[in-house]
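**Student:** Dock chain B against the given chain A, drawing on the hints supplied.
Take a look at the letters that make up each chain.
There are 2 protein chains.
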Amino acid sequence: MYKELNTTLRTIMTPGPVEAEPRVLRAMCTPILGQFDPEFTDIMNETMDMLRQVFRNSNQWTFPVDGTSRAGIEAVLCSIIEPEDKVLVPIYGRFGHLMVEIAERYEADVVTLETEWGNVFDPETVIREIKKVRPKIVAIVHGETSTGCMQPLKEIGEVCRELDILFVVDAVATVGGTEVKVDEWKIDAAIGGTQKCLSVPSGMAPITFNDRVEALLRERKRVERGLADPSTYQIKQLRMIRNNYFDLSQLMDYWGPTRLNHHTEATSMLYALREGLRIVLEEGLEARFARHKMHEAALIQGIQAMGLKLYGDPKCKLPVVTAITIPEGIDGEAVRSTLLRDFEIEIASSFGPLKGKIWRVGTMGYSCRKKNVLHFLGAMEAVLIRCHAKIPAGMAVQAALDVYSKAESI
Amino acid sequence: MYKELNTTLRTIMTPGPVEAEPRVLRAMCTPILGQFDPEFTDIMNETMDMLRQVFRNSNQWTFPVDGTSRAGIEAVLCSIIEPEDKVLVPIYGRFGHLMVEIAERYEADVVTLETEWGNVFDPETVIREIKKVRPKIVAIVHGETSTGCMQPLKEIGEVCRELDILFVVDAVATVGGTEVKVDEWKIDAAIGGTQKCLSVPSGMAPITFNDRVEALLRERKRVERGLADPSTYQIKQLRMIRNNYFDLSQLMDYWGPTRLNHHTEATSMLYALREGLRIVLEEGLEARFARHKMHEAALIQGIQAMGLKLYGDPKCKLPVVTAITIPEGIDGEAVRSTLLRDFEIEIASSFGPLKGKIWRVGTMGYSCRKKNVLHFLGAMEAVLIRCHAKIPAGMAVQAALDVYSKAESI
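The listed protein sequences correspond, in order, to chains A and B. Residue numbering for the first sequence follows our numbering, beginning at 1 and increasing consecutively. Residue numbering for the second sequence follows our numbering, beginning at 1001 and increasing consecutively.
Looking at chain A on its own, in the form it has when it is part of the complex (with noise of 0.2 Å):
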């Protein structure tokens, strides 16, 4: 018989999952509530409200998908996708990748843009190829954790709402930790993560899409067999979306006032995902954001100070990633697994053409505070002199305790 579930406090320093907030934990203990109780429906609404302000949007259709983050973009490009639709994707790290490997399953005719890993693309190139290409969708990564990049999208949201073009962005990284509005890019579908700046368990996929995905979903749109009326079922619906779990035309009536019967909601889930949401609206926007740009400033400082290189493009970087070069001669693998081992605390390495050349540091959510940083400059120090690497001494830490002063100061 297995033991009784007694696990390591970790610090986690990754770009996901990341530390849950303790309250949202709590939450999570909350007794079961029935799918279609009133109390539990009051929940979903609440959930779909603090949901479109994170987003910064007016959708209606505001809400979690069941499932990991991937599951929210593939509900969304399995839902707008048809065989042969053009599908534009801009790829600068492996989450592009994922975009065409999905897109690819539903039959896209998918065109790709590629730039080196470490850096994203200037709008006007991406423009340049929607004009050439006119796609039916351009779908592109927000910010890559894979490289710490994050590409400004303002610019292609516009030129896609004049071309009439779907716009669909994975704000996977970013929403809760950085600025994703929705409403002023011109995003037609965003998809966020639960597991990153949001500081709740994988598990769910918040969503939100426009009246223009929802005037596509429509046209698609089969009612389930077995719910709807056998008089007047349509079996031949064409057009119909190619998987039932992920169908957001029934997401819909399972999220919207009809309450159709679908799928059974993950209540403990949803209980984490509104705790959340509570968190992160009472904290503020603004100063959620503020933390994170602050915590990274001395995260940085001290990285420096210990003679360590970012990688990737300054002026691009993602505010909650932070990429670091490993040093030549360094095993980059070693360092993770004593880190891991002596000070538990987590760090990620990267994949494809970065594997083994970078390590990948979250400051996100609620993993992103002093204590954690100032551990794991301490701990990077003390790994790195304990494998022979000639690196300052007791720089790090008084670097990223300069900026908290300032910080704190004013």
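Just so you know, not all the hints are guaranteed correct.
Cβ pair distances, simulated, as ranges [what the hints assert, rightly or not]:
| no. | chain 1 | residue 1 | chain 2 | residue 2 | range |
| --- | --- | --- | --- | --- | --- |
| 1 | B | Ala1287 | A | Lys86 | 58 to 64 Å |
| 2 | B | Gly1329 | A | Asn6 | 55 to 61 Å |
| 3 | B | Leu1260 | A | Pro327 | 26 to 32 Å |
| 4 | B | Glu1184 | A | Leu9 | 42 to 48 Å |
| 5 | B | Glu1184 | A | Leu238 | 40 to 46 Å |
| 6 | B | Glu1283 | A | Asp164 | 57 to 63 Å |
| 7 | A | Pro83 | B | Lys1132 | 28 to 34 Å |
| 8 | A | Glu283 | B | Ile1410 | 31 to 37 Å |
Here are a few chain B residues that sit away from chain A, every Cβ distance over 10 Å (derived from the structure) [unchecked claim]:
| no. | residue |
| --- | --- |
| 9 | Glu1082 |
| 10 | Ile1102 |
| 11 | Asn1119 |
| 12 | Glu1219 |
| 13 | Thr1258 |
| 14 | His1263 |
| 15 | Ala1297 |
| 16 | Cys1316 |
| 17 | Pro1327 |
| 18 | Asp1331 |
| 19 | Lys1370 |
| 20 | Lys1371 |
| 21 | His1375 |
| 22 | Asp1402 |
List time: in silico DMTMM-like cross-link candidates among lysine to aspartate or glutamate, alpha-carbon distance up to 20 Å [stated by the list, open to error]:
| no. | chain 1 | residue 1 | chain 2 | residue 2 |
| --- | --- | --- | --- | --- |
| 23 | A | Lys3 | B | Glu1282 |
| 24 | A | Lys3 | B | Glu1046 |
| 25 | B | Lys1003 | A | Glu46 |
| 26 | A | Lys355 | B | Glu1282 |
| 27 | B | Lys1003 | A | Asp49 |
| 28 | B | Lys1355 | A | Glu224 |
| 29 | B | Lys1293 | B | Asp1402 |
| 30 | A | Lys3 | B | Glu1328 |
| 31 | A | Lys154 | A | Asp183 |
| 32 | A | Lys3 | B | Glu1039 |
These are computed hints drawn from the structure, not numbers from a lab. The structure presented is a predicted model; accordingly, all values stated were derived computationally and were not measured. We put the CB at the ideal spot given by N, CA and C, even for glycine.
**Tutor:** Okay, now just chain B, sitting in the frame of chain A:
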């Protein structure tokens, strides 16, 4: 600002979601671990091992899909169905229709067999159809919560194996509450539910599949872009699974020793499932099934003592869901809302042809206990008397108590 979560403590007697085990709720408060933290991968492995015991099989591939129960059904079906594949679905309630619905979305050539709701199939009828249709896949529901009926599977499984047909079983309602023998019944893939007899919140779908399914998945496999080595990347995998999130060939690499990044495992839900499985195995499967039978007997005696009639053929009754015919002249929905408002008890209505005709009472997992059965019977009697139903007063609880006295004296 929305208030702190403060829900009513319901008595949940529906066919799910049911009350979660208090230990399960507490397990969800456990702090987050990173998904590749060795402590976490141990938790993944332990959960797989316990799931194998609950499914009574030895399949390596036994793990939860991160989504609600139907996510598990869709993961299995989309991973094995290719366009034009012949899929036979015998339907005896709503969730048979769901399997058709999902199979159609993946362009299967679906053949159905239907029987009236409230019955199941004589295995011989299904076997005759199998021999006539010769499908690639037979997909069937084990316990239909929509009608309260349970389909015998063993004979069907044997014929499927003989004819090299894949046998897929939706055991969402039955696993952990009544016998589900995956190996012995020659089930190739089964899907369980968390929010029913396992008394874990909704949001995960345990699945299991054997090497026959694995062989098919390996033929269809495509490694995800962004993870694959670009020089050997298979652009053309014509048989690839038309879904990324539910692609079981990728989930095998995530849950298996390869530990290839796919989604970010739903940490807290996995903690919950692990604890739920620990509780099931501590009680012991046989003892647990006997407990469910005992409370079912008490419930039935109570219901009949107040003059209500059970719905459906008693020979195929699902032990964990009891369907009651709504008496002539009684408004079933008014009774349900009075039960909820005054007694804080939730029971269920039904769907399709049974809408307005039956109530469904679940006795599942942690909700399946003496206090709940007695509270429900007393409350139901009171509400019916309040609605001027002509029923004998005071008999129901006594009849149930008689069952309990007898059981306790053994």
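**Student:** Would you mind marking each hint as holding or not holding in the structure?
**Tutor:** Now for the hints, and whether the structure bears them out:
no.: 1; hint: B:Ala1287 / A:Lys86: 58 to 64 Å; in the structure: 59 Å, holds
no.: 2; hint: B:Gly1329 / A:Asn6: 55 to 61 Å; in the structure: 57 Å, holds
no.: 3; hint: B:Leu1260 / A:Pro327: 26 to 32 Å; in the structure: 28 Å, holds
no.: 4; hint: B:Glu1184 / A:Leu9: 42 to 48 Å; in the structure: 43 Å, holds
no.: 5; hint: B:Glu1184 / A:Leu238: 40 to 46 Å; in the structure: 42 Å, holds
no.: 6; hint: B:Glu1283 / A:Asp164: 57 to 63 Å; in the structure: 59 Å, holds
no.: 7; hint: A:Pro83 / B:Lys1132: 28 to 34 Å; in the structure: 33 Å, holds
no.: 8; hint: A:Glu283 / B:Ile1410: 31 to 37 Å; in the structure: 58 Å, violated
no.: 9; hint: Glu1082; in the structure: 13 Å, holds
no.: 10; hint: Ile1102; in the structure: 5 Å, violated
no.: 11; hint: Asn1119; in the structure: 16 Å, holds
no.: 12; hint: Glu1219; in the structure: 16 Å, holds
no.: 13; hint: Thr1258; in the structure: 14 Å, holds
no.: 14; hint: His1263; in the structure: 4 Å, violated
no.: 15; hint: Ala1297; in the structure: 25 Å, holds
no.: 16; hint: Cys1316; in the structure: 19 Å, holds
no.: 17; hint: Pro1327; in the structure: 23 Å, holds
no.: 18; hint: Asp1331; in the structure: 17 Å, holds
no.: 19; hint: Lys1370; in the structure: 19 Å, holds
no.: 20; hint: Lys1371; in the structure: 15 Å, holds
no.: 21; hint: His1375; in the structure: 15 Å, holds
no.: 22; hint: Asp1402; in the structure: 30 Å, holds
no.: 23; hint: A:Lys3 / B:Glu1282; in the structure: 11 Å, holds
no.: 24; hint: A:Lys3 / B:Glu1046; in the structure: 10 Å, holds
no.: 25; hint: B:Lys1003 / A:Glu46; in the structure: 10 Å, holds
no.: 26; hint: A:Lys355 / B:Glu1282; in the structure: 44 Å, violated
no.: 27; hint: B:Lys1003 / A:Asp49; in the structure: 13 Å, holds
no.: 28; hint: B:Lys1355 / A:Glu224; in the structure: 16 Å, holds
no.: 29; hint: B:Lys1293 / B:Asp1402; in the structure: 15 Å, holds
no.: 30; hint: A:Lys3 / B:Glu1328; in the structure: 53 Å, violated
no.: 31; hint: A:Lys154 / A:Asp183; in the structure: 10 Å, holds
no.: 32; hint: A:Lys3 / B:Glu1039; in the structure: 13 Å, holds
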